[in-house]
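In order, the protein sequence lines correspond to chains U and V.
To convert a position in the first sequence, counted from 1, into this note's numbering, add 3.
To convert a position in the second sequence, counted from 1, into this note's numbering, add 1.
Wrong hints could be hidden among the right ones.
[To be verified] Reference excerpt, derived from the structure (chain V facing chain U, CB under 10 Å, subset only):
| hint | residue |
| --- | --- |
| 1 | Leu162 |
| 2 | Ala163 |
| 3 | Val165 |
| 4 | Phe166 |
| 5 | Arg172 |
| 6 | Leu174 |
| 7 | Ile177 |
| 8 | Pro180 |
| 9 | Gln181 |
| 10 | Val251 |
| 11 | Arg253 |
| 12 | Arg257 |
| 13 | Trp258 |
| 14 | Arg259 |
[What the hints assert, rightly or not] Per the computed footprint, the stretches of chain U lying under chain V, defined by three or more beta-carbons under 8 Å from a beta-carbon of chain V, are:
| hint | segment |
| --- | --- |
| 15 | 32 to 40 |
| 16 | 51 to 64 |
| 17 | 79 to 89 |
What the hints contain is simulated information worked out from the structure, not anything from laboratory work.
Backbone N, C-alpha and C fix where the C-beta goes; we use that ideal spot for every residue, glycine too.
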Amino acid sequence: MAIGPALNLRIVRQQFGPTAAPLFGLLTLNVAPGEVVAVIGPSGVGKTTLLRMIGGLETGYQGQILIDGLPPDKAPPPGFVFQETRLLPWLTVAANLRAVRPDMSLPQIDALLNRVGLAGTAGAYPRQLSGGMARRLGLARAICVNPRLLLLDEPFVSLDPAAVLDLRAVCLSVFDEHRPTVILVSHDPADAACLADRVIILGARPAVIMADVPLSPAAKQRTASDVDRLVRRILAAGPPVAPKVS
Amino acid sequence: MPKDPKPAARAERPTGAWLEWLSLPLLLAIWQGLALVAASRFLPSPVLVAGQIVELSAQGHLLTDFARTLTRALLGFAAAMLLGTILGLALGRNSALDRLFGPWVLVGLNLPAIVVAILCYIGMGLTEVALILAVVINKTPLVITTIREGVRSFQPDYDELAEVFRLPFARRLRLIHLPQLMPFVMTAARTGLALVWKIVLVFEVLGSDGGVGFRIGIFFQYFDMTGILSYTTVFVALVMIVEHGVLRPVERRVVRWRSDPP
Numbered sequence: 004m005a006i007g008p009a010l011n012l013r014i015v016r017q018q019f020g021p022t023a024a025p026l027f028g029l030l031t032l033n034v035a036p037g038e039v040v041a042v043i044g045p046s047g048v049g050k051t052t053l054l055r056m057i058g059g060l061e062t063g064y065q066g067q068i069l070i071d072g073l074p075p076d077k078a079p080p081p082g083f084v085f086q087e088t089r090l091l092p093w094l095t096v097a098a099n100l101r102a103v104r105p106d107m108s109l110p111q112i113d114a115l116l117n118r119v120g121l122a123g124t125a126g127a128y129p130r131q132l133s134g135g136m137a138r139r140l141g142l143a144r145a146i147c148v149n150p151r152l153l154l155l156d157e158p159f160v161s162l163d164p165a166a167v168l169d170l171r172a173v174c175l176s177v178f179d180e181h182r183p184t185v186i187l188v189s190h191d192p193a194d195a196a197c198l199a200d201r202v203i204i205l206g207a208r209p210a211v212i213m214a215d216v217p218l219s220p221a222a223k224q225r226t227a228s229d230v231d232r233l234v235r236r237i238l239a240a241g242p243p244v245a246p247k248v249s
Numbered sequence: 002m003p004k005d006p007k008p009a010a011r012a013e014r015p016t017g018a019w020l021e022w023l024s025l026p027l028l029l030a031i032w033q034g035l036a037l038v039a040a041s042r043f044l045p046s047p048v049l050v051a052g053q054i055v056e057l058s059a060q061g062h063l064l065t066d067f068a069r070t071l072t073r074a075l076l077g078f079a080a081a082m083l084l085g086t087i088l089g090l091a092l093g094r095n096s097a098l099d100r101l102f103g104p105w106v107l108v109g110l111n112l113p114a115i116v117v118a119i120l121c122y123i124g125m126g127l128t129e130v131a132l133i134l135a136v137v138i139n140k141t142p143l144v145i146t147t148i149r150e151g152v153r154s155f156q157p158d159y160d161e162l163a164e165v166f167r168l169p170f171a172r173r174l175r176l177i178h179l180p181q182l183m184p185f186v187m188t189a190a191r192t193g194l195a196l197v198w199k200i201v202l203v204f205e206v207l208g209s210d211g212g213v214g215f216r217i218g219i220f221f222q223y224f225d226m227t228g229i230l231s232y233t234t235v236f237v238a239l240v241m242i243v244e245h246g247v248l249r250p251v252e253r254r255v256v257r258w259r260s261d262p263p
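So that you can see chain U by itself, here it is in the shape it has in the complex (with noise of 0.2 Å):
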């Protein structure tokens, strides 16, 4: 199976405006084929910013991203999961997933839709969606462009601990199974405790690499008192961050 691709950030300089405070000088980062890097910080600081550079939606940065050794246009797309799920709500769960990727058939569709814990929901609407099940759907979706490079901006955010901890069940067999690079923005350390392999810890402004943890044991292999711990080390580690109860 092809494991995920490696990722190089060099950023120089970010900044929306002339007049504006920049939001990063000079910023490095290497991320390891298949490697789950977690980025937390407090809100403001970058965070989603530095996935949409990854993502190819920020273009106005002095710096290079790489994606194998290419930029983010010419690399194939990233599977994106944005913070706002972005469901089209005019179109059914299946064409959903066929908006972004029009081969797949409906047997693959079912069998992606099954992975994902939504069996049977191809022909609903998104209005018919739970905010759980939604989330679900946009990790579907971002799969099936691309399960090799998944960028995931806050894909916990406002679901409830239940939902959480299915939702995280969902991605680490994800990630077991594709093996992916993946980077996971979160305000939360245990989402980054439950499913990374290293954290980097944002913090300041132009934003800095306040720590760059690596966790251990493998994540599905950790157990709750693993993840307490890992909880520890990592708001040991950087500038205040505000864990959430999940």
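Assemble chain V onto chain U, guided by the hints.
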């Protein structure tokens, strides 16, 4: 499994929907009552008008006149919708074009329909082309304005979605832009059709050699109220058929994804 649809989606028919079926018979009954009370040749009863409709149909005038008016209205409507949609899209997406040509649209919106018709007739003679062109000039600014508003209301989030997943232009248009635009297209079609019917009739009275407006003009010269009401009744029936047989089903299909019924 999908969660239960919201209560609004479960509502099968709004309360008192049967009142809509009672509406037109009530109007006919009131008309009949007034005709009986007035007992005047200037207010013929619906029964008399119905008889006249049958007679005119048998003579062949009615069908021929409606065919001509319908053809003119549909041609003008289709041309105005096509042109207005293209220009509305251009002005909605390009602010420089909008600044340059926006005032033209405003002028177009405020041009009296009758002035446009007279100018077209003077310039091109009393021809079919002049009549249809006058309809298009009158209707197009309204379509442009509606479509431009629709384009301005596009969700940038969906544009980003298309961008990050590299959707080709045709698929963006079909899956992202058209669904957002369709409610505005429907509004433009509905208001536009209502406007086109009326102005075609006025233009036909002003200068044509056939059609509903032309015939009503002749009835007017003879103060033939029964003839005028016969044509008007058939005309209103035709508009209702288009509304219930075409526009509403199309609208229901376009917005079926919404939880609230149209």
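Now the hints, each set against the structure:
| no. | hint | in the structure |
| --- | --- | --- |
| 1 | Leu162 | holds (5 Å) |
| 2 | Ala163 | holds (9 Å) |
| 3 | Val165 | holds (5 Å) |
| 4 | Phe166 | holds (5 Å) |
| 5 | Arg172 | holds (7 Å) |
| 6 | Leu174 | violated (12 Å) |
| 7 | Ile177 | holds (7 Å) |
| 8 | Pro180 | holds (4 Å) |
| 9 | Gln181 | holds (8 Å) |
| 10 | Val251 | violated (15 Å) |
| 11 | Arg253 | violated (13 Å) |
| 12 | Arg257 | holds (9 Å) |
| 13 | Trp258 | holds (4 Å) |
| 14 | Arg259 | holds (8 Å) |
| 15 | 32 to 40 | violated (count 0) |
| 16 | 51 to 64 | holds (count 3) |
| 17 | 79 to 89 | holds (count 6) |
Consistency with the previously given hints fails for numbers 6, 10, 11, 15, ordered from lowest to highest.
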